[in-house]
Every structure is written in C-alpha cells, then in structure tokens.
Amino acid sequence: MKKKTVIITLICALICLTATIIIAYSGLPEVKGADKFNDIGKGKSNAAHNLLNAAENEETVIGTVMGTEITKSYFNFKYDSYKTSPLNYENPKEEAWNAIKREVWEKRFAKEKGIYPSEKEIDEYVSYVRKEYESTQEGTILIKSFCEGMNMTEDEYWRFNRKYEAPLAVTHGKVIEYLEKNKMSMPEAGSIESNITDLEYYNSL
Amino acid sequence: MKLHLKLFKIAIVAITVLVLLCCNTIIGNADTTKTAEENAKFYGQHSDYGASVWGVNFLISVTYDNSSTSCYTAKEVYTSATMYPKHTFGEGDVIVAGFDESVDFGASTSRSIKPTKSSFWQIQNVILPTGTKKYYAYTGSPNKDFRYEFKEDGAFTFAVPNVYFAWPNASLTISVSGPK
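Quick note, the sequences are listed as chains A and B, same order. With the numbering used here, letter number 124 in the first sequence gets 124, and the count goes up by one each step, no holes. Add 1000 to a position in the second sequence, counting from 1, and you land on the number used in the numbering used here.
Careful, some of the hints might be misleading.
A few chain B residues facing chain A, derived, Cβ under 7 Å [stated by the list, open to error]:
#1 1049
#2 1084
#3 1159
#4 1164
I should point out that these hints are in silico values taken from the structure, not numbers from a laboratory. Backbone N, C-alpha and C define an ideal beta-carbon position, used for all residues, glycine too.
Excised from the complex, chain B in its bound form (with noise of 0.2 Å):
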C-alpha cells in the first residue's frame, strides 16, 4: 500500500514537471501575429456613370517569433487586398501595389506585388464571404532577425477605365518593435 501510495505521488510529480516543461516549451517558441488593415475608400467620377465609389481593404500581418531576449525573428508576412461589396462595375480595375521592408532602420528592400510580383511572394488561398473580390492574397517568408523594429511600408495606387479619381492614393504601414 505505501509503495502504491509513493508511486503515486512520484507519477504526479512527474506529470507536473512534464506538463511545465511543456508549457515552458509551447510559450518559449510561441509565435505571435500582429496585423494592420486599411479600408481606403476610392472616390470616382465615372465619365458614363458619374458618380462612383469603390472599398477597398489593404491587409498586412507578419508572424514573428519573439522567444529570445535579444532579436525576435520575422518569419511570414502575409498580404492582402480585397472589396466588399464587389463593385457592379468593377471589372479592368488596376490596383499597383507593393511594400518596402526595412530592418533596425536600415536600408529598405522592395517587395513588389502589382503589377510586377517579387518572387519572395508566394499565393495564398483564402476563403473569403461570398460577393468579395479579390485582388491578391500573398505570403512570403523574410526570415529576418530584428532587435528594434521590423516594418513593413506598403503604397497603392487605384485605377479604373474612364474614372477620375479624387485620390487614388493609399498607403499601409505595419511595425513591430524587437526586444532592444
């Protein structure tokens, strides 16, 4: 009965030890997402419809693993542009698209994605509501360590046939800041 009793108490034990070191583990590695969003809204004058808005929603996030102490390490940045309501004539529209990624301040590199597609982009496949369009989702994966901040600038231009726009301007900036 007592060594029943001791080898109860030492199963525990070990259960809690490995159920600690496990949570240790999962939270150590974690991998946390931040996201920015942009509904920028397009005004128009169409030179038939007169007129004319279209919605549209800019998406960024980056996945980065802040585990250590000294650098956090971006690991997918994921990108997309979608309307909803999807336009009654929205068909032909041209969307020029891209983000400038910069290290702890440093030089900037070009992640192109209309109307030229950097290869660092890579389709992601999304389901999105029914009557949404889509323009592009991506993912990529920077793989870069940072001490003080990761950012990620994006800048867009909107276009339709035969559309004045009042602004067809939009821009989407995401920072995450490192661990310095």
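Next comes chain A alone, as it looks inside the complex (with noise of 0.2 Å):
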C-alpha cells in the first residue's frame, strides 16, 4: 500500500514538475532569428575577444593598405565576421580585406575632407542603436542572444561596439553623403594601394 502510494506521488511530482518546465518555456516569446543572431555571435566572439586582449606591442601586421599597418588580430576579427556570416560570402577572406581597405580609404577622406565624425557623433550614434534595440522586446531578446553568443555582457559588447564598429558605421555615412553631394563615387576595392606582407599567415587561414 505504502509502495503504491510513493509511486502514485512521484508521478504526480513528474507530472506536476513538466508542466512547470512547459508553462515557464511557453512563457519565452519566440522572436524570428535570435538564434541566427545567436551564432552570428559566437561566429566573431573568439576573434572579438583576441583582438581585445591584443596588446599593441605584441601586435603583429599581416599587411598594409595606403601605408596603414593592418594587425593580424584585426583581420582575423573582420575575417571570422564574414566567414561565420549567415550572408555566406563566397570568398569571406578576400571580402574581409576589401572591407579594411574601404575603411582606411574612408577614414582618410573623411579626415581630408573635415567630415570624420567628432567622439560626440559616434557616442550618438551608439545610444540610438542601443535604445531602438531596447525599444521593444523583439529588439531586446536579439540583442540579449547576439550577446551570450558573443560571450559579453549587453555592456561589454556595446563599448566594443563604440571601438570597432560604430566609427565605421558612422564615417560611412558622412562619406557617403559627401559623395553623392559632390556627384563623385568611391574607388573600386581593387584599386585602393594594399598590400599583404605575411602572405604566409595570410594562405593558412
């Protein structure tokens, strides 16, 4: 009898233990491509973390373009963006130096022309996106998956965010409009001066 009445019991705990695991998931709003945003994330977290502790003085150059010297930890961070890309590059190695060569020939015209945007437009910038992100729960859940895959906290990520991404976004922008103001277009990729100098390092990726 007694037998019959544990087991009775620890089927009801079972039981009862379920539906609290089905009633708290159920309770998690689904939101369309956290998970995407999740392993986009994890896709660039190693390189983002390596290029953080990167110290200057123990920086090592995989090339130069216009006569800026590009830091391997820099490439791999750019590399790894368009390697893990759910955009799937056809060639994300090549792609990756295209896009550090646009961005040296932009911070040098923007910085010709007197547009390069001040500390103050940057930081702008940065609180807009943050706030639309925490605007709404879809925003919210992304940027919360994006960040665990990141391996930051919302914090962390959007002070590297600040660092690396947000003055290019921004410099982009002011260039851009320059351009079509002024009825001139950027240079192909192909023709800003560059060059690979540990070609070595570069083929083993």
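Put the two chains together into one complex; each comes in its own frame, and the hints tell you how they fit.
The following block contains the structure:
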C-alpha cells in the first residue's frame, strides 16, 4: 500500500515538474532570427576577445593599406565576421580584406575633407542604436541572444561596438553623403593600394 | 415700413434655407479618409558595423465617398514609406513593396510598388521633416464602389547590402467598411 502511495506521489511530482517546465518555456516569446543572431555572435566571439586583449606592442602585422598597418587580430576579427555570416560570402577572406581597404580609404578621405565624425557623433549613434534595440521586446531578445553568442554582457558589447564598429558606420554614412552631394564615387576596392606582407599567414587562414 | 419688415423676414428665411441647402450638399458629398500606419523596426547584423537597426514607417490612407446609403466609392489611395531619422549608412537599401486590393471580399488586384511600379500609382510630392528618407510616396485612384468592404493588404520586404536581418518582412492592412 505504502509502495503504491510513493509511486503515485512520484508520478504526480513528475507531472507537476513537467507542467512547470512547459509553462516556463511557453512564457518565453519566440523571436524570429534570435538563433541566427546568437550564431553570428558565436562566429566572431573568439576573434573579438582576441582583438580586445591584443596588447599593442605584441601585435603582429598582416599587411598595409595605403601605408596603414593592419594587425592580424583586426584582420582575424573581420575575417571571422565574414566567414561565419549567415549571408554566406563566396570568398570571405577577400571580402574581409576589401572591407578593411574601404575602411582605410574612407577614414583617410573623411579626414582630408574635414568630415570625420566627432566623438559626440559616434556616442550619439551608439546610444541611438542601443535605445532602438531596447525599445522593443523583439530587439531586447535579439541583442541579448547576440551578446550571449559573443560571450559578452550587453554593456561590454556596446563598448566594443563603440570602439571597433560604430566609428566605421558613422564615417561611412558621412562619406557616402559627401560623395553623393559632390557627384563623386568611391574607388573600387581593387584600386586601393594595399600589400599583404605576411602572405604565409594570410594563406594559412 | 411694413414692407421693409416683410422683405427682411423673407431675406432671413431665404438665407436660412440657402445655408441649410449648402450644408446638406457639403455633408452629403463629404469624402472621408481612413489611415493605417505601421512603424516597422528591422533589426540587423552588418558584417562590418555590427548591430544595426532601421525604423521604417509604412502608411496607407483611403479617401472614400460615403454619401450614398447603398454603396460607398473608394476614390483615392495614398501610400508612403519613410525613415526618420535617416540612417547613417542607409544607402543602397531596398524595399520590395506592394498591395493587394479587394472589394467586397472578391478577387484581389495587385498594386505593385517596388521594384516594379504599377501604372496605378502616381508620384505624390510630400513635404517631410528634415532628415527623413523617403522611399516612395504615391497616390492612385481606384474609383471602386463597395457595399461591404474595401481592403488594401500590403506586404513589404526590407534589405540592405551586407546585413543579415532577423526578420525582413512587414505588413500593413487597411479595411474600410461599406454601408451594408
């Protein structure tokens, strides 16, 4: 009799536990693309952390663009961004190198034309994007999922974004605006002067 | 004196009748406009710029004549898509947009906007706040009578080069009820 009571109690407890788990999980809203955001974060997490930890004096150079030295840790971060992107780039290594060439050209051009963004402009851009993400449940879940993939807290990610990504975005926007206004066009990546000095390393990737 | 008073009274009555007639005409032929709006937030991951977001405001309005008790007439449709504030690297972005128009639950007519613009749509000049990016602003004249419902069902897809979007789609529907 006692054994029967114990079994019934255990079954009831198991049912209650299962029901609790189901209710808890069904309470979490499903957001389309959240898993991909997590994958994107995971894809560039290691390279991002290496980039953050790379001490300037220990940095090794992979090549130069318009005379500017490009470190391996920076190239690796770019390469991982392209390589693991769900956009499935055909040649992510070349795309990453071309992206760096465009960045250097845009930075040089913006400085020459006096349109390089101020610290305030970059801060405003980051706080705008962050606010927009945090303004909806969808955005909140997406950025949380991405940061988990990056193995960073949200604050850490926005600081990373402020340092490595946002300045490029704002510069690009200002350069494009300037080019359009003055009926000019950006040079093809192939025509921007660059030199991969550590070809062995580049080819090994 | 009596004649003046009589004429004055006649004038007052005439004016009152005239005003009432005018009001009736105005009210009877009044066009009504119904508007629907959707502010879609497109969250993306740019391969170079990381977490990014675009807020696009989709709008549609239908102006219809509701003076008849048997059927209404959809006279004009206005639609636009704008972005404010203009995104810092929003160049080259693409919207695929279009509406399916139906009357009284019948078969729908396609009103494509982008990438192919249906001849139904005419460019509408609009004044927008500084810093607003305009994707399109069009009007069209369906001139369709409806007894139960006039409906525009919109579907949109948003894209920017080098950006993976969590969900690139948005929708917007407007439904105007008829007199029946």
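Structure-based check of each hint:
Hint on residue 1049/B holds. Least Cβ distance to chain A is approximately 4 Å, under the 7 Å limit. Interface restraint check for residue 1084/B: the shortest CB-CB distance to chain A comes to about 12 Å, outside 7 Å, so the restraint is violated. Of the supplied interface hints, the one on residue 1159/B is violated, with its beta-carbon coming no nearer than about 11 Å to a beta-carbon of chain A, more than 7 Å. With its C-beta approaching chain A no nearer than about 5 Å, residue 1164/B sits inside the 7 Å limit, and its interface hint holds.
Hints 2 and 3 from the list above are not met by this structure, while the remaining hints are.
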